[in-house]
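Using the sequences and the accompanying hints, generate a full structural model.
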Amino acid sequence: MKLTRIAAVAASIGLTLGIAGCAPSAVPSREPIVIGSQAYYSNEIVAEAYALVLEDAGFAVERKFSLGQRDVYVPALVAGEIDLFPEYTGNLLQFFVPTATETAAEDVYAALATSLPEGLTALAMSPASDQDSYNVTQDFASANGVESIADLASLTDITLGGAPELAERPYGPAGLLAMYGVTVSFEATGDTTVESLVAGIVDMANVYSADPRIQQLGLVTLSDPLGLFLASNVVPIASEAVNADARALIDAVSAAMSAEDLVALNVRSVDEKLSAAVIAREWLVSEGLLD
Amino acid sequence: MLDFGGLGAWLSNPENWAGRYGLWNLVAEHLCLTFLAIVIAAIVAVPIGVAIGHFGRGEFLVVGLGSFSRAIPTMGLLFALVLVMGIQFRELSVVLALSAIAFPPLLAGAYSGVTTIPAWIRDSATAQGMTTGQLVRHVELPLASASIIGGFRIAYIQVVSTVVLAPLVGLGGVGFGIIQGLALRNFPQVTASSLVIIVITVTGDRVIGLFQRLAGARLSPPTPLEKS
Amino acid sequence: MEWFIANWTFVAGLAATHLSVSVGPIVVGAFLAVVSARITPPRWVNPTRGVLGAIYAIPSLALFVTLPVLIGTDFTGPTNVVIALTIYVIASMYFSAHDSFTQVPRPTVTNAESMGMNSWQVFVHVELPMAVPGLIAGLRVAAASTISIASIGAVVGVRNLGYLFIDGFQRKIPEEIITGILAICVIALTLDVGLWLVGRLMTRWRFVRVDHA
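Protein chains in written order, with our numbering: chain A, 4 to 294; chain B, 487 to 714; chain C, 1442 to 1654.
Honestly, the hints are just simulated from the structure, not real lab data. Note that the structure is a prediction, hence the values are computed from the model and not measured. We treat Cβ as the ideally placed atom computed from N, Cα and C, and that holds for glycine. Where hints are given, some of them may not hold.
Partial list, computed: chain C residues near chain B (C-beta under 7 Å) [to be verified]:
1. 1500
2. 1503
3. 1506
4. 1575
5. 1586
6. 1611
7. 1615
8. 1618
9. 1622
10. 1625
11. 1626
Structure (structure tokens):
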């Protein structure tokens, strides 16, 4: 009696496992590709786009999103726990080579390709970029006639707002002084930087160039003729577990994503409060990368 | 990872103590925010707590707030209030968020201080002809003082801990060293800042505890522990 | 509400992580607190209280980032958070656990001993059951604050409900932050009611009506 019951249980477990084993994936035996993302809504949308095209082509995908800062996920990437990660050329280069001097997009990409740890590859970079930039309000720009960072040199009493770490970054106050002769006092405004700029608490703010609020609030991004900032294009970092077929799919996503597209995706995230998956899917469909 | 050399070097570098985001300034800012928030909360909470204890009405408010506040994440409360109130008055909104965090323990301290006074003490005061005002001023407040100070002690720990998160909403305080240090991977700075925070918190707690003991010679109901 | 409906699976995932980093510390911390409270020699009790009181006062973010220096863990990730929360649970429960044991009436223990129980039996069958109400009360306080403090782990890269605060603040979505606050409150209060029930069930003998007529 007891034995038959155990046999029945065992059989049903076996059956369940069997069914689960044959389930949706068209490429059943392959290990899933583990895709990571930063704890940054825009990055998560890009990661989700990778995941969706790979799934659509029959790859098994595992999402490990919102992994926080580079300290957390770069070791995991190096250790092979994560196979694919949307990154930014300039910021990632700075992580590996804090003293990097390259600023133009192609140079940064080339430098990054040679400084990645063993086993990791930078796939083709996207035209979309999300990099540090200095912004002022329209009023400030017209009142003081500034269009470029260089125009600030004649002004005094400029307060620069940004994340706490900007104080120590090469493009922070020290870089402004060395490259453009601009003296600023720094105010750490954290995640309230844009609001602080609009409220007049700071005169100039470090905002990521793909931040939707630059458009929405009509902020003026100052041009950077001398190349203070590193270009930071979206670039997928892949491990060897990502095969040529998968790489081709990701390359198509990177190529299709323009700088304007990335801003538009971020706008949807902030304005319509949609999830990354919804935003990414609709964009892929509109680009013809997904049905 | 054990990097006491780096820690010592960071702490002994005078550059890290001076300037807008130097340690002295950050400590002053940290204590200033804490102090303001507690004072504002106390002005409201202590009279209400004493009144509830005195009249014996509205106890559900104290009990409810007490158990509910323990479950409320202070970080979420801080972020939500700053976001909703806007950045224009960020100092004010941060201070008010911190006051909201200080409110329940201050209320509970004042309430339990008054309510645990034995009935016979109040009765004898009334029998001597004291008015309600005199009873509160000369009997209840002195006897409840240890418990009221106990409320300040818990409020201090909670607020001082929450101010550590202020850099995330654009203000300073010693948490700046932690948040900036994590982003820059400057771990000696992270460790040094957290040690300074620990010293501020534990010293403040001990100092208030000293006052509490001085005041508690008469009656001292045990105060519950809470933290954030 | 709209935001929550659209993102509830995401919130559920975060809640699962949240529970996974808090439940371990609550269970292990409670066990260690009870054991250490019971075996501390009387003259060590006050010094222990002093030290634990000081540890308990340490702000959580400060403790999360101090641990790596003390014990050599990585600066970010869940390990420090789990260890720090365990320490808080011990520090928070030690006081009430110690009081719960000292408040077991001496005559009851003496009775049990004279019935021939050895000290282990006295502990398991007499002291522990009689201390349960006090222990559960202490555990409820510790559990609620652990659930709430765990959210600060999001600052050091633990992806739990605290992430909703950081992400919501970045994207300026108040609903997201409020969802986080409510989710944490719901978990904490559910745990609280659960522990209260466990306490009731473990001490049913206290509620048996004895009819003396």
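Sort out which numbered hints this structure fails and list those numbers smallest first.
-> Checked against the structure, the hints that fail are numbers 4 and 6, while the rest are satisfied.
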